[in-house]
Amino acid sequence: MLDFWFFLEVLVGGLLSGTMYALVALGFVLIYKASSVFNFAQGAMVFFAVLSFVGFMELGLPFWAALPVTVGLMILVGMGTERFVLRPLVNQSEDTLLMATIGLAFVIEGVAQLAWGVDVRRLDLGIRDEPINWVMDKTGMLVSQLDVTAAAVAGIMVAALALLFSHTKVGRGLRAVADDHAAALSIGIPLKHIWMLVWATAGVVALVAGMLWGARSGVQFALVWVALKALPVLIIGGFTSVPGVILAGLIVGAVEKLGEVFIGPFFGGGIEGWAPYMLAVLFLLIRPEGLFGEKIIRRV
Amino acid sequence: MNISAILQSSQRAFPVGAPILELDSISLRFGGVKALTNISFNVLEHEVRAIIGPNGAGKSSMLNVINGVYVPQEGSITLRGERLAGMKPTDAAKLGIARTFQNIALFKGMSVLDNIMAGRNLRMHASFLEVALQLPRARREEAESREAVEEIIEFLEIEHIRKTPVSRLPYGLQKRVELGRALAAEPKILLLDEPMAGMNIEEKQDMCRFILDVNDHYGTTIVLIEHDMGVVMDISDRVVVLDYGKKIGDGTPEEVRSDQNVIDAYLGVPH
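Chains as they are written, first to last, in our numbering: chain S, 1 to 300; chain Z, 1001 to 1271.
Please keep in mind that the hints were generated in silico from the structure rather than gathered at the bench.
There could be a bad hint or two in this list.
Each computed BS3-like pair below joins lysine-lysine, with the alpha-carbon atoms no more than 30 angstroms apart [unchecked claim]:
id	chain 1	residue 1	chain 2	residue 2
1	Z	1108	Z	1034
2	Z	1108	S	192
3	Z	1188	Z	1204
4	Z	1163	Z	1094
5	Z	1188	Z	1094
6	S	192	Z	1204
7	Z	1088	Z	1246
8	Z	1108	Z	1188
9	Z	1246	Z	1204
10	Z	1088	Z	1188
11	S	192	Z	1163
12	Z	1188	Z	1246
13	Z	1108	Z	1163
14	Z	1204	S	138
15	S	192	Z	1246
Remember, it's a predicted structure, so these values are computed and weren't measured experimentally.
All chains should be modelled from the sequences, with the hints used to inform the complete structure.
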């Protein structure tokens, strides 16, 4: 007999980590939407961002000062990437741009470790990774405080960005640039500004994602692979859809946790790592544009 | 309905004035290919000015020069007495030149409303931070723009499709939405690249009516390119005729229509 509360506990745990996948995936979507670049360096940016944040704290900056300094740094990194890596490659194929971001990933990872060292560090946000007592008392479910806080922060950030990019001048500019360069220019939307804006935003998103992941699993090189978690989310949600990645993040989180607990035993466990990719492959077979992605129609 | 009769009989709210745009000896080459050779003409304020010519005559190149997409190797462009050098499309937009495209260039993923709102871009001055934090100026501008856009939507009679994604609209309506987006910037000069191309008679008549209404209602100076001579002659004040990148005629529709060079270019010359 399936225990309802246990099922719910697993589901909630899955959805909570799902919001964080959505946050990482959002960094990709922003850039892909505006400039058709699959930013392979997003994971490196996550690592670099949180490592710098911890680094500044080690240098003696308090939390409230280290945060804006790192935000500023990430904005610079994002704008610099646009200016020095992508602008010289304008009008090149998507493949070329992807290769450029792979190179960029190595540079950012290298610079991060050169500047701050290779040790694993702890990031203490003052929230403990312990179950919330009253939830445990009431229902018997173990729901981590840290998970809930992280999911709340990620959720707010994702929602705020989704609103910004759907209902404002900035959002229309972004979508306009994504749809048609010539038309965007003709109504006075400067491509370069929009690109810088999305890269800077992606940098800040990377910082937040890095802090949330780092607080849970330590600030270490493995954070680079957080980006891999975003891949199935992107495939399922669609590379160009903000609501798509939100939903897909939740789906991926729920599927991997529920799958691990309820289906895993039939395979000898350990399916959490690959279940999302299986789901992504299914989507590629059935609905390659993702849940909300634009249908790809190409003349061949 | 005879449009030319309407044009001539109606009193114009904005009578044709002094030259607003002057093009002097424009030459444009792509490598060895001469797209435009030594072309000069002017556009008067509040005028409907057409550029016509057979396929490959250089009409679109001419429009792209005015719009800053191409920078001509020779010649000068003067807007309201001020010479424009090395102008880019965003500069043109800032100077009050809006345009539509031959192959509709709408923002496909967006609704009609969002497309036209996007056209307000240069009329909204709030910075990224003001927008992100929804400070008063950003909110006020958004509301003002929405009002202006609603007026355009009403003007173009597209209220019923306000929220429809543009990719779902028929061709004729898409062209109208594109006109709306260009109008949203409140341009001084409106460049229309084959606004009637690919339309049926009814859609063409609608478009003609809207072009004349824009001119009459907002006083917008209109430069339009057409391939099809008939329609253009009806709605234009003056016509420039291009052929193989050279100017072969310039004048009122009547003058141009009876010009032997123009007749030869369109109908061919017996050998």
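Tested hints:
Using a Cα cut-off of 30 angstroms, the hinted pair residue 1108 of chain Z and residue 1034 of chain Z is violated, with the two alpha carbons roughly 34 angstroms apart. With a CA separation close to 21 angstroms, the supplied pair residue 1108 of chain Z and residue 192 of chain S stays within the 30 angstroms bound. For the hint linking residue 1188 of chain Z to residue 1204 of chain Z, the alpha-carbon distance of about 24 angstroms falls within 30 angstroms, and the restraint holds. A distance of roughly 28 angstroms separates the Cα atoms of residue 1163 of chain Z and residue 1094 of chain Z; the hinted pair therefore holds under the 30 angstroms criterion.
For the proposed pair residue 1188 of chain Z and residue 1094 of chain Z, the alpha carbon gap of about 10 angstroms is at most 30 angstroms, so the pair holds. Of the supplied pair hints, the one linking residue 192 of chain S and residue 1204 of chain Z is violated, its CA atoms being roughly 37 angstroms apart against a limit of 30 angstroms. Note on residue 1088 of chain Z and residue 1246 of chain Z: the hinted pairing holds, with a Cα-Cα distance of about 24 angstroms set against a maximum of 30 angstroms. For the given pair, residue 1108 of chain Z sits about 26 angstroms from residue 1188 of chain Z by alpha-carbon distance, which is consistent with the 30 angstroms threshold.
Distance restraint check for residue 1246 of chain Z and residue 1204 of chain Z: the Cα-Cα separation of roughly 28 angstroms lies within the 30 angstroms cut-off, and the hinted pair is therefore satisfied. Among the hinted pairs, residue 1088 of chain Z with residue 1188 of chain Z is consistent with the structure: their alpha-carbon atoms are about 17 angstroms apart, no more than 30 angstroms. For the hint pairing residue 192 of chain S with residue 1163 of chain Z, the CA-to-CA distance comes to about 29 angstroms; that is within 30 angstroms, so the pair holds. This hinted pair checks out: residue 1188 of chain Z and residue 1246 of chain Z have alpha carbons roughly 27 angstroms apart, not beyond 30 angstroms.
Under the criterion of a C-alpha separation no larger than 30 angstroms, the hint pairing residue 1108 of chain Z with residue 1163 of chain Z is consistent with the structure, at around 13 angstroms. A distance of roughly 70 angstroms separates the Cα atoms of residue 1204 of chain Z and residue 138 of chain S; the hinted pair therefore is violated under the 30 angstroms criterion. Taken as a hint, the residue 192 of chain S and residue 1246 of chain Z pair is broken in the structure, with Cα atoms around 36 angstroms apart against an allowance of 30 angstroms.
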